[in-house]
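Student: Chains as they are written, first to last, in the numbering used here: chain E, 1 to 229; chain A, 230 to 409.
Treat the hints as calculated values from the structure; they're not laboratory data. All values reported here derive from a predicted model rather than from experimental measurement. No false leads were mixed into what you were given.
Residues on chain A that point at chain E, a partial pick, calculated with CB under 7 angstroms:
1) Ile254
2) Val257
3) Asn340
All C-beta atoms in this analysis are idealised placements derived from N, C-alpha and C, irrespective of residue type, glycine included.
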Amino acid sequence: MLPDYKTGRARNGVDGLTRPDPREQTAQIVSWAICWPWSVVWTFCVYNPFRYIGEFVLREIQTALYEISQSEFTGIERDLALDPPPFPLRESEATERQAMVKQAAAPASENQASAPAVPPPESQPDQAPEQHPAPVDNSAAVAIATDEPAEDAPAAQPQMMPQQSPDAQSPAPVTWSPPQPAPVNAVSRQQLHGVKHADGMYRPTYLSPNGVSTEPAIDPWTQKRPHSQ
Amino acid sequence: MLDDILTIESFWFWTLMIVQSGLIIWFVEEANPVAAVLTLGTSVISIAFFPSQWESIGLGGLHELSLPDWLKQNAWVLLACIGCYVVIGIVWATFRWWVLVREMRDTYELNKAEWLAPGNLRSTARQLQSHAEQCSETALREKYLQWSEACHLAAAEGGNRLTQELKPIWKEFVTNASRL
Numbered sequence: 001m002l003p004d005y006k007t008g009r010a011r012n013g014v015d016g017l018t019r020p021d022p023r024e025q026t027a028q029i030v031s032w033a034i035c036w037p038w039s040v041v042w043t044f045c046v047y048n049p050f051r052y053i054g055e056f057v058l059r060e061i062q063t064a065l066y067e068i069s070q071s072e073f074t075g076i077e078r079d080l081a082l083d084p085p086p087f088p089l090r091e092s093e094a095t096e097r098q099a100m101v102k103q104a105a106a107p108a109s110e111n112q113a114s115a116p117a118v119p120p121p122e123s124q125p126d127q128a129p130e131q132h133p134a135p136v137d138n139s140a141a142v143a144i145a146t147d148e149p150a151e152d153a154p155a156a157q158p159q160m161m162p163q164q165s166p167d168a169q170s171p172a173p174v175t176w177s178p179p180q181p182a183p184v185n186a187v188s189r190q191q192l193h194g195v196k197h198a199d200g201m202y203r204p205t206y207l208s209p210n211g212v213s214t215e216p217a218i219d220p221w222t223q224k225r226p227h228s229q
Numbered sequence: 230m231l232d233d234i235l236t237i238e239s240f241w242f243w244t245l246m247i248v249q250s251g252l253i254i255w256f257v258e259e260a261n262p263v264a265a266v267l268t269l270g271t272s273v274i275s276i277a278f279f280p281s282q283w284e285s286i287g288l289g290g291l292h293e294l295s296l297p298d299w300l301k302q303n304a305w306v307l308l309a310c311i312g313c314y315v316v317i318g319i320v321w322a323t324f325r326w327w328v329l330v331r332e333m334r335d336t337y338e339l340n341k342a343e344w345l346a347p348g349n350l351r352s353t354a355r356q357l358q359s360h361a362e363q364c365s366e367t368a369l370r371e372k373y374l375q376w377s378e379a380c381h382l383a384a385a386e387g388g389n390r391l392t393q394e395l396k397p398i399w400k401e402f403v404t405n406a407s408r409l
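Using the sequences and the hints given, assemble the complete structure.
Tutor: The following block contains the structure:
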C-alpha cells in the first residue's frame, strides 16, 4: 500500500489520513500497471472491489430514476402541496414579493402587540370590513410564517431569488430547495384560529396583499367570498 | 511416490511460478516496482529451463525454431500482446487507484461513525475532562473543557452528527494518531 498509509492502521483508524496524491505514489501506480495480472488477483481476493462497483452502479441508477420521477411528479406535487413551493423568481419579481411580504407582515406584528387589531385602522368595528378582492397569496404566507421579526421576513426566502442583475441577458441558474415546515408564529396562529372580536366570536384572518384581513378574498370564479359569515 | 513427484519437471515449474507470483504480489503491495519487475524478468527467463512446459503455456513453437527465428515469426503478435498488456495495465492502475481511494473513504466514514456514536462521545468527553484536570496550562485546559462540553452536548442530542463544535475535536483525533 501507500508508504505513508499503512493498510493495518487504516483499518483500525484514520491516523494522519490525507488526500492521496498520485504524484507522490508513482512507484505504487507503476507497480500496478506493470504487474497488473498479479495485482488483479490480489485486489479481487482481498479488497473485493465488486462492492464498490455495485454501489457505484446502484447509486447512478438510483440517481437517474429519482430524477425521472422528480421531473414527472413536479406538477402533481405542486397541485397537492397546501403551501406550494414558490417558483424561482427573477429579481424584479422577488423585489415586488418582498415588498408585499413586508406590507403584509407589518400589521401582523402590530396585531401581535395589541390584539384584536386585525381590522384596518381606518375601519370601525361595527362597519363592514374593507373589501380585498385580490387573491390570497400563499407564498407570501409561507414567507411570513417564520420566527424572524417582521423586518427580516424577506430573508426567509433567499433561495428563490437568483443572484442576477436586472439587465442580465440570460437568466441565471436558480437553485431551489424544498420548503421547510414553517414554524407557527403569531401570524400563522391567527390564520389558523382567527382573532377574537368584540362580540366574543373568533373569526379567521386572511392574508392579502394589503395586509391581514378578517375577510377572505373573493373567489374569482364564483364572485363570492368563501366561508363568508 | 515422493521421488516421482520431485523428479517431475512440471511440479518444479509450477512451484517456481507460484513462488514468483507470491513475490511479485508482495513487491507490488509494498510499492517496489524495481523488485517486482526483476522478479517478473526472472520468471520469464526461468521458463527457458523447463522446455517440457513450453507447450502448456503456448510457446510450443520454440521446439521447432530458434528463439530469434521464433521472435521474427511472431513479432507482430508479440507487439500486439505487449501493447495490450500496457493498455490494460494503465486501465487497471487507474481502477486500482479508485479502489484505493474508495477504501480510504470507507475507512474514514466507518471511523467517523464509530467516533460519533453517543457512547464514544461520552467517553471522549470524560477523557477530555480528565485531560483538563491534569493540564496546568490555562488556555489548553479551557480548550479541553470546551471540547468536553461539546462532546457531552452532542451525545445528549443523540450523536451521529459532526457538528461545528465537534469538528476541531475530530480533526485533532484524526491528525493526532487517534489520540486526544
